[in-house]
Amino acid sequence: MEQSEDPGRAYRIDPVEAALIDRLKAGDDRAFEALVRRESGRMLAAARRLVRDEAAAQDCVQEAFISALKAIDAFEPRVPIGAWLNRITVNAALMRLRKARRLAETPIDDLLPAFDADGWREDRPEAPEADPFADLERQRVRAFVRTKIDLLPDAYRTALVLRDLEGWSTKEAADALGIAEGAMKVRLHRARSALKRLIEPFWTGDYSA
Amino acid sequence: MNGRRSLLESIRHWVDRSLHGAMTCAEFESALVDYLDGSMSTLAKRQVDLHTLLCPRCRRYLRAYDRARRLAVEALREPEMETLSAVPEDLVQAILSARRSGSTAHGS
Ligand SMILES: [Zn+2]
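So the sequences go chain by chain: A and B. First residue of the first sequence: 346, per our numbering; consecutive thereafter. First residue of the second sequence: 8, per our numbering; consecutive thereafter.
Hints listed in this document are in silico derivations from the structure and should not be mistaken for laboratory results. Quick caveat, the model's predicted, so the values are computed rather than measured. All residues carry an ideal CB built from backbone N, CA and C; glycine is no exception. A hint or two may mislead.
[Claimed, not checked] Incomplete in silico selection of chain A near chain B, CB under 10 Å:
id	residue
1	365
2	367
3	378
4	387
5	398
6	399
7	403
8	407
9	461
10	481
11	482
12	483
13	542
[To be verified] What the simulated footprint calls covered on chain A by chain B, stretch by stretch (three residues with Cβ under 8 Å from a Cβ of chain B suffice, anywhere in the stretch; the number is not a length):
id	region
14	389–397
15	444–454
16	490–500
17	506–513
Construct all of the structure, not just a fragment, from the sequences and the given hints.
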């Protein structure tokens, strides 16, 4: 499986990929179509996770390809072209959420952990050691978790997706969302905590909800 | 709630604090992102480790928090696998025609 970029290791481009990029820079129609067919599925999935609207997600992918074409002459393959396109797509999706003012933090206090006056934690149900599930069961669990992620307000879901799924650093995510790094950490933490609370029924085997 | 603490509560608090590694659960909570990122000083990390060791509630909490995080990644990745094999043809055609109209408009 392709992994997200690893800043610690220099990316070494393979010759087929290098040839594709040369053809794209030369304006080759068939190279462009090949790229669209190869990458748009992954890009669409990335956009859907953020905007949660099929038409808007497809628009993001289209915008991303248009932006990418404008920037292709300057593209230096320090990362695979798929990772580059993914990042452009995510930025297009974030821009859309920002324009729609969907990135404001809304209160989710009832989903966050509670502490007593001395700072000691309230008790909560315990998570099992592992998920001993067969494939079919795993699919149900994942579907259940997705319905819970969908309950998170956009600001929190976005933080979770950028950091835990896309693998962006705190700084990258903070810059993209236009907030300070400290605020980004708080938001990510709230998102994870709220999600943990939402999927608690699963710890006790009830993931039908 | 009440601003003043009884002597008994103060003692309990002091004992708790000593037993839980000089860190309250609330402090543990606000250290979690850095802790899991591995972006903490050795000393601060030790404090979190010690609190985890001594506080069963935070130990359980950390396990559930980490589990939720991993489940979320798995859950969000799954539809991506499905999309890879089924890109809407309409979308592909829309992108290709957007490029064509874009390049003629620029006249390049
Ligand atoms: Zn604790």
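Quick rundown of the hints versus the structure:
no.	hint	verdict
1	365	violated (16 Å)
2	367	violated (17 Å)
3	378	holds (6 Å)
4	387	holds (6 Å)
5	398	violated (14 Å)
6	399	holds (9 Å)
7	403	holds (5 Å)
8	407	holds (5 Å)
9	461	holds (9 Å)
10	481	violated (13 Å)
11	482	violated (13 Å)
12	483	holds (8 Å)
13	542	holds (9 Å)
14	389–397	holds (count 5)
15	444–454	violated (count 0)
16	490–500	holds (count 3)
17	506–513	holds (count 3)
Comparing the model with each earlier hint shows violations of hints 1, 2, 5, 10, 11 and 15; every other hint is respected.
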